[in-house]
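*Asks:* Single-letter residue listing:
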Amino acid sequence: MRDLCDHKLGKRDSVNDEILTLALDGWEGPLDLLLMLARNQKVDLREISILALVEQYLTFIEDARALRLEIAADYLVMAAWLAFLKSCLLLPRDVEADPSPEELALRLQLRLQRLDAMRDAGARLMGRDRIGRDIFLRGAPEGLKVIRQSAWTDDLYDLISAYGSIQARTAPVVHMVARRSVVTLDQALERLKKMLGVHFEWMRLEDFLPDTPDPAYRRSALASSFVAALELARLGRADLAQETHFAPLMLKALR
Amino acid sequence: MEAPDDLQRAIEAALFAAESPLSLADLATVIGIDTDLRPALAKLESDYAGRGINLVERGGRWHFETSADLAHILRRTREDPRKLSRAAIETLAIIAYHEPVSRAEIESIRGVQISKGTLDVLMEAGWVRPAGRREAPGRPLTFATTRGFLDHFGLQSRRDLPGIDDLRAAGLLDPVDIALEQLEVETIADEA
Amino acid sequence: MEAPDDLQRAIEAALFAAESPLSLADLATVIGIDTDLRPALAKLESDYAGRGINLVERGGRWHFETSADLAHILRRTREDPRKLSRAAIETLAIIAYHEPVSRAEIESIRGVQISKGTLDVLMEAGWVRPAGRREAPGRPLTFATTRGFLDHFGLQSRRDLPGIDDLRAAGLLDPVDIALEQLEVETIADEA
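Those sequence lines, one after another, are chains A, B and C. Going left to right, the first sequence walks through residues -16 to 238 as our numbering numbers them. Going left to right, the second sequence walks through residues 3 to 194 as our numbering numbers them. Going left to right, the third sequence walks through residues 3 to 194 as our numbering numbers them.
Some hints could be false.
What the hints assert, rightly or not - In silico lysine-lysine, DSS-like type, Cα no more than 30 Å apart, as pairs: (1) K118/B x K85/B; (2) K85/C x K45/C; (3) K177/A x K128/A; (4) K45/C x K128/A; (5) K118/C x K25/A; (6) K235/A x K118/B; (7) K235/A x K176/A; (8) K25/A x K69/A; (9) K45/C x K45/B; (10) K128/A x K118/B.
Said to hold, decoys possible - From the derived model, a few chain B residues whose C-beta atoms are all more than 10 Å from chain A: (11) D8; (12) L26; (13) S48; (14) R88; (15) I116; (16) G140; (17) A146; (18) L157.
Said to hold, decoys possible - Going by beta-carbon spacing under 10 Å, a handful of chain B positions derived as facing chain C: (19) A12; (20) L17; (21) A19; (22) P23; (23) E67.
Note that these hints are calculated values from the structure, not bench results. C-beta: ideal position from N, C-alpha, C; glycine also.
Using the sequences provided together with the hints, build the complete structure.
*Replies:* Laid out in structure tokens, this is it:
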């Protein structure tokens, strides 16, 4: 074991200085060290003698201490635990112990097997033919380029309706007049004057209105005819009468 | 196309992995062989002649490239169906009805400013072109529509565009309030 | 190796020109064809089997690569392109063989804590990715390997991981607790 320690001492490099396990920085923790020792037994890990392994570990740690190497705490914890396990394994069996020392030893063995399996697997992975080291991809691929092009779906209808809406909103006055048909005051005056010239008895205002199916046009005619009737009464050309509120407004020419 | 020998395989792999075309000397260095590589290259050239990849020599250097007739695979054009923004279609309509027309005139007809991208989109679509400067103060650039515009919208000529009376008859003059609302929505969207 | 048909030529050209491996769906899009490409790929795979360049499938995606036996010619340096620490190699192996696996599980197999940079290095290499949280107390994050991992190590799928079947059969991929239970059952069975 002495030469193992010396070997590790000689190999101490500055690369791993972030690791606190100063003296044992070749190993990644006690389990790693145990696995190395187990492999040194050169038997299948399933056949390994845990007792022998514990002995080796404890000797190793003792040697390191004798050399006054700084030993990280977790190695010492493992050493203490293994010393305990060793004593349990050697002492007469305590049937009450749970878990039994045999089970503890078995657990350790199983853990070592698992770590060993993954270490092997890692090595086999790294040994594969790897891209960029053993296998190469195309050095200068042309690349597959997708050129996006807009396919405009606007049609003639979209175009002319857009123009229509501009026209509609920028020429609102023309637009409104064209849409609504109304009877102006002048038109109503003219009509009333004409009709009063040929009818001499009382007539309802509604009877003076032009005949139309358009209720909007009729309302407009009613409003302008009413104003026209008031105007004619003011000028002394017509007489107005209404029996009560909301009764028909009666109209007659004044001679 | 019989199985390649070791030299041909090595050349094949070296040219494939190379980042630039290799001369005979480069190849010899890479492969570490000191024989005439020309026969092997000729064999490979004929092996690949009818394939999607060809071995070619340009100016004494060799490389693999995809066959010229398959260039369309390397550059694929994808068409995205899209509609013009409201601002763009209105601008296009104004240009079509009033061409040649300056940007300021377009804005005065629309009643809103047009953003820089709007005319770009129309020019990129191939429907609008600059149509010279107007002999007026500031010499403003004017715009007009193109042959491509007529083709896309199925018009023989601009005279086929319906007049304002036709539009009204077709009910295409929206009620004022609706048109104004739309304008407001658009302005808000533009500002956002 | 008879002359390839148009489909084979197109696949050949597309995979040759592509900057990364292509799935069947990618290929169909690039070539603009909607048929099963597998027969054509199989034909190409066998066409290239003995050549310096091979057509391979990795994790459901296809690419061309140089033949492994030519590594000695093409390797520019003996240096490992990505020199991994032993901790990183073991961690990668544990993730690959156990995925999805949590950090605590990795640490319990290795018997030491994972130092901060180890998983970062593997993720930066593009070989390892977070693979969701486990529905267990503490909802630990788990890790798994990527398609880039399969590519790099020349694996078609995780089933190709060296020795994975043997390890599984030997129970070496099971946690210690489960292995112990298993042993007890066997012991009882033996005793019975």
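*Asks:* Against this structure, judge whether each hint is valid.
*Replies:* Hint check results:
{"no.": "1", "hint": "K118/B x K85/B", "verdict": "18 Å, holds"}
{"no.": "2", "hint": "K85/C x K45/C", "verdict": "37 Å, violated"}
{"no.": "3", "hint": "K177/A x K128/A", "verdict": "84 Å, violated"}
{"no.": "4", "hint": "K45/C x K128/A", "verdict": "26 Å, holds"}
{"no.": "5", "hint": "K118/C x K25/A", "verdict": "34 Å, violated"}
{"no.": "6", "hint": "K235/A x K118/B", "verdict": "69 Å, violated"}
{"no.": "7", "hint": "K235/A x K176/A", "verdict": "11 Å, holds"}
{"no.": "8", "hint": "K25/A x K69/A", "verdict": "21 Å, holds"}
{"no.": "9", "hint": "K45/C x K45/B", "verdict": "22 Å, holds"}
{"no.": "10", "hint": "K128/A x K118/B", "verdict": "29 Å, holds"}
{"no.": "11", "hint": "D8", "verdict": "17 Å, holds"}
{"no.": "12", "hint": "L26", "verdict": "18 Å, holds"}
{"no.": "13", "hint": "S48", "verdict": "22 Å, holds"}
{"no.": "14", "hint": "R88", "verdict": "7 Å, violated"}
{"no.": "15", "hint": "I116", "verdict": "12 Å, holds"}
{"no.": "16", "hint": "G140", "verdict": "23 Å, holds"}
{"no.": "17", "hint": "A146", "verdict": "15 Å, holds"}
{"no.": "18", "hint": "L157", "verdict": "7 Å, violated"}
{"no.": "19", "hint": "A12", "verdict": "5 Å, holds"}
{"no.": "20", "hint": "L17", "verdict": "9 Å, holds"}
{"no.": "21", "hint": "A19", "verdict": "5 Å, holds"}
{"no.": "22", "hint": "P23", "verdict": "15 Å, violated"}
{"no.": "23", "hint": "E67", "verdict": "9 Å, holds"}
Going down the numbered hints, you'll see the structure goes against 2, 3, 5, 6, 14, 18, 22, while the others check out.
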